[in-house]
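Number of protein chains: 4
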Amino acid sequence: MKGKLRVGIIGAGRIGKMHAENIKRYFSSEVEIVSIADIFADKILDWANSIGINKVYKDHRAVLEDKEIDAVLICSSTDTHSQFIIEAAKEGKHIFCEKPIDFSVERIKEALYEVEKAGVKLQIGFQRRFDPHFRKMKEMIQEGRIGKLHIVKITSRDPEPPPIEYIKVSGGIFLDMTIHDFDMSRYLTASEVEEVFAVANVFIDPKISDVGDVDTAIVTLKFKNGILGIIDNSRKSVYGYDQRVEVFGSKGSVAVTNDLNSNVIYSGIEGIISDKPKYFFIERYKDAYIEEIKAFIDSIVNDKEVLVTGRDGLEPVLIGLAAKKSLEEKKTVLVER
Amino acid sequence: MKGKLRVGIIGAGRIGKMHAENIKRYFSSEVEIVSIADIFADKILDWANSIGINKVYKDHRAVLEDKEIDAVLICSSTDTHSQFIIEAAKEGKHIFCEKPIDFSVERIKEALYEVEKAGVKLQIGFQRRFDPHFRKMKEMIQEGRIGKLHIVKITSRDPEPPPIEYIKVSGGIFLDMTIHDFDMSRYLTASEVEEVFAVANVFIDPKISDVGDVDTAIVTLKFKNGILGIIDNSRKSVYGYDQRVEVFGSKGSVAVTNDLNSNVIYSGIEGIISDKPKYFFIERYKDAYIEEIKAFIDSIVNDKEVLVTGRDGLEPVLIGLAAKKSLEEKKTVLVER
Amino acid sequence: MKGKLRVGIIGAGRIGKMHAENIKRYFSSEVEIVSIADIFADKILDWANSIGINKVYKDHRAVLEDKEIDAVLICSSTDTHSQFIIEAAKEGKHIFCEKPIDFSVERIKEALYEVEKAGVKLQIGFQRRFDPHFRKMKEMIQEGRIGKLHIVKITSRDPEPPPIEYIKVSGGIFLDMTIHDFDMSRYLTASEVEEVFAVANVFIDPKISDVGDVDTAIVTLKFKNGILGIIDNSRKSVYGYDQRVEVFGSKGSVAVTNDLNSNVIYSGIEGIISDKPKYFFIERYKDAYIEEIKAFIDSIVNDKEVLVTGRDGLEPVLIGLAAKKSLEEKKTVLVER
Amino acid sequence: MKGKLRVGIIGAGRIGKMHAENIKRYFSSEVEIVSIADIFADKILDWANSIGINKVYKDHRAVLEDKEIDAVLICSSTDTHSQFIIEAAKEGKHIFCEKPIDFSVERIKEALYEVEKAGVKLQIGFQRRFDPHFRKMKEMIQEGRIGKLHIVKITSRDPEPPPIEYIKVSGGIFLDMTIHDFDMSRYLTASEVEEVFAVANVFIDPKISDVGDVDTAIVTLKFKNGILGIIDNSRKSVYGYDQRVEVFGSKGSVAVTNDLNSNVIYSGIEGIISDKPKYFFIERYKDAYIEEIKAFIDSIVNDKEVLVTGRDGLEPVLIGLAAKKSLEEKKTVLVER
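Protein chains in written order, with the numbering used here: chain P, 1 to 337; chain W, 1 to 337; chain U, 1 to 337; chain E, 1 to 337.
Keep in mind that the hints are not guaranteed to be accurate.
Covered stretches of chain E, as calculated for chain W (at least 3 residues, CB under 8 Å) [as the list claims (entries may be wrong)]:
no., stretch
1, 154 to 162
2, 180 to 194
Listed below are several chain P residues computed to face chain W (Cβ distance under 10 Å; list not exhaustive) [unchecked claim]:
no., residue
3, S28
4, E32
5, K153
6, Y166
7, G229
For the record, the hints were derived by calculation from the structure and aren't laboratory data.
Computed from a predicted model, the values in this text were never measured in an experiment.
Where a beta carbon is used, it is the ideal one built from N, C-alpha and C, also for glycine.
Using the sequences and the accompanying hints, generate a full structural model.
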């Protein structure tokens, strides 16, 4: 590829803006953001201009049909992802798409089919795989430091629940929140989940129950290679975003502890007080969001395989749907493929 | 009560000996060990004499029928517990009995019935409740520090599996090992387990599988008051006895981390290296074993309710049996009472 | 100020390059790097072009005489600092200068006099003041969290000594290395050092002794307001850059621990192993270097006082010279002003 | 030696009582406490009887002249130590004596001379050498884990100052408090202190100044083998007894962190809160006090060299006196021997 990679962005909400700003800051020598589309185009105009993007459209087709564009970042709402992937693939664009691809397995499969047919790259936005702490953990597993894996444990708790309006269309906790943990467990174990069991409750806000969702959940996994997994989720952790992972095996364990706001430790009559974990995903995965875009660029520019594939986008949805079913049926559910 | 409390000990294996030595060292001003019975009486004679116990019998009846004895510690093998409780109760002795009472719910109930009829004290040997770290955790829960409880998480991993001969008669991992975690979860939540789900595997030694047991297990619990619980167990943790508990609620969390061999931290080219957790239960729960006997003495001398009741002995067995069934049936099992 | 701030850089060694790249990445919307001067101009040409700086000179006068330039960053070797400050001030440029200003107090005073006469800004490159951890510590002191300060303790150990050629012209450990700790102690205590005592040795490399320097040192400070200070330095810490600070007072203490390469913790038969501290100042103070430039820009654009003044550049040199004298005379030395 | 070792105790203040109780609890099979002397004999009678000591005297001579007694523990006030050592030696008793031996070097030397002449054992009560954490640290140094030692750092802060009446007769902070740190530094470095420098202040209570003492001090040491040492002391640390040691050398460092009241960690909106250090020396060195008596018994029963010799009692006094002089003269003082 000669010259800069030219990308378009579809959806300029919090995540879309962050990707745009990261590209400007870290990859401007290799990537040019040609245009951006958002259904509230007029609201993002000032912001877009401020970072030097002059073409701002309401219609995503304007981005997709631009022959100059090599790749698109789909950061619009989840219900549009699979459709936009299909359209982008048909236009021959490489695709970075936020998670989840879709709540419908059928639509995901259709999207992946089109991607494969078009021969374009598709990377799914599971940014945690690019977090330096989890990467280091993965490396240590690969180096054999913990021997054969027996257990993977993931704690993932948000500092506060999203608005009820969001929860309503979120696909439920398993497809919205646990989906990242399903991905992390697959990444670390290098195996597929066979059986899922879920138990859950509503502790934080009865309105979450009213819209048919839960706010606290425990999911047990059994992988093809026999590894056992546990995930615990809460929509509200008052001390901040709790993101811990532990893998245990025949030669020991590796844990990633929380990333704190600072290394400051106060000792007083109240005890020994450390700082709280970084507030939420934007702060916690700041570096990971940069690294995932770097990897996406690298996969296109150097024609490498993407590090989070379409299949990696599909599997956590399958696991999430199994978890949902398990919660209803109070029994182990096999992941259907 | 005037004069010293007079106790007899039945069973002088590792635990029985430890209790005897602790009584001698810490409670000799209030308690006299009158006699001890063990099926290998001749093998323990020297040890018994060395700590000033002169009456050593082969037959436990010699202890039970001694009119001078106020209380007995039953530290013999599990298969004798319920029978000896019944006999001791009939002789009007107060009873401290190691866990589990029995693998048969019927026999446990019968034993508890005899205890109640006799009006004697019965304390079950769940020593972890007396560990200062878990006690502090319990206090903090009671003070409302974490608000309403949502999740209780227990990690319990042994440094190495017991001999296969022991595993054969152990009642299986849930009644032998997880039973302590079931007890801890009831202690911390002050609620009863309603539903149990278990998943497990054999990673450590295929012989464990041969005798019908597992060596790695994850158990999910749902309590009457809605709290969710997770326990993960392994029979072999190469870095030592892993005993961590975390409770999470509306106002935060409290965790008990591992008790390390020392506070020494080495920094070198390999990294920053802390000492390992205390090797096993004897080292880790050294203080707890003393405290549980202190509490037992206190309950008799001051006629107080025991801190670990017969019911506390029964419940974890019911949960363990439910876990066993869940593992076989791959579904949630209600705890039958 | 309308339009971008236009800066020139004098000296494009490791630090000069880093500042240039940080400006490009983080402040390109507000700052333009107009030109750069380095005595090895031809060696930096490619690098300069790659980040969009086209004017590259051998002679620093070319930068200073450019009427378009508002401010200069002096990143050349220490022996040129005071001279370049004087010249830059005479040209009416705002000045950011790396530490130390000079080894000669007289020359520093002359430079500061010229800066004052010219009415330009001068910020000295004590980047640690901008480290988020130390800033948080400073805030906590200011909030009164530790009450009245009694003791400040600083550990500062490099991962490896610089080349002997560098040590020769470094001004000695107190003016090259401890100088940062002197600055940190003034920053945290908000007081001036009155008395200094130093003890030292050569453990790491006898060549360091040959050139009249030491590699391991302990400096004790007494501040005007009575606070006591301790600094310990080593030129070689095999586990990485050791940068810890602790302040202790009537209501408790605040400590900043080392910033580790990752939050990964391994548990194995060797013990519980955390990652090592970040390797050296470039990694450890990555954010601080960005923040100090941000503050320098802010002080010019918004006509604010700089956060590290010329006086802040002078004082640590005075303390360092007192330390040197103390080491020779084996007694307390008053800081001469 | 056949039969039990028979000891007498002189002085039944807090420390004397603690030793008596420890002997009763842990060493009653090998040691018999025959008698105890205290100037307030009537006040300790009940306590003495409660632990089975029936002979209680006002006059220490009654203990010393008892032919049945093999060894004495001198736990009376400091001003009596050297005199009682001399008397005990003359009576042929083995001696355990609390620190310091005396504030007068001459009297210490006289006492040591009498001990040597009599050929009895003398162990000085520097209990920290028996703390399992510091022992482990010492072992790691001996194993060569940190290579050649460069720096030893000791932080020792009390939770609150003793009464002014005590401070008056304490010999000053260096002979009362720092003396333990001087001993620890000798223990860890296996070298003698050559030069001392001290700086200090009064922050906590002006009355401490009125009686000619200080409450906050920093002492710098230089050892014969070149190692550098730093000690920082405070009479009042609101978060509890702060007892940390760090040794640094060519292959890394070993640190002993504080021993906390529990392993409980609370996470809430205030941050991540660990428990405080154990309150004071009685709690912190509980095990060390038992171990030092065990070692003393062992040295007599098995005729071994004591682990803390008379010389170990003398040296810290010499260092403390040098520190005192350094504080007055504001210069390095050589330790006079």
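The hints, checked one at a time:
Counting residues of the stretch 154 to 162 of chain E whose CB lies closer than 8 Å to any CB of chain W gives 0, so the stated coverage by that chain is violated, three being the minimum. Counting residues of the stretch 180 to 194 of chain E whose beta carbon lies closer than 8 Å to any beta carbon of chain W gives 0, which falls below the threshold of three, so the coverage claim is violated. For S28(P), the shortest C-beta to C-beta distance to chain W is roughly 37 Å, which exceeds 10 Å, and the interface hint is violated. Below 10 Å, beta-carbon pairs count as interface contacts, and E32(P) has none with chain W, the closest being about 42 Å; its hint is therefore violated.
About 7 Å separates the beta-carbon of K153(P) from the nearest beta-carbon of chain W, less than 10 Å, and the hint is met. For Y166(P), the interface hint is violated, since its Cβ never comes within 10 Å of a Cβ in chain W; the closest pair sits about 21 Å apart. For the restraint placing G229(P) at the interface with chain W, the shortest Cβ-Cβ distance is roughly 8 Å, inside the 10 Å limit, so the hint holds.
Going through the hint list in order, the structure does not satisfy hints 1, 2, 3, 4, 6.
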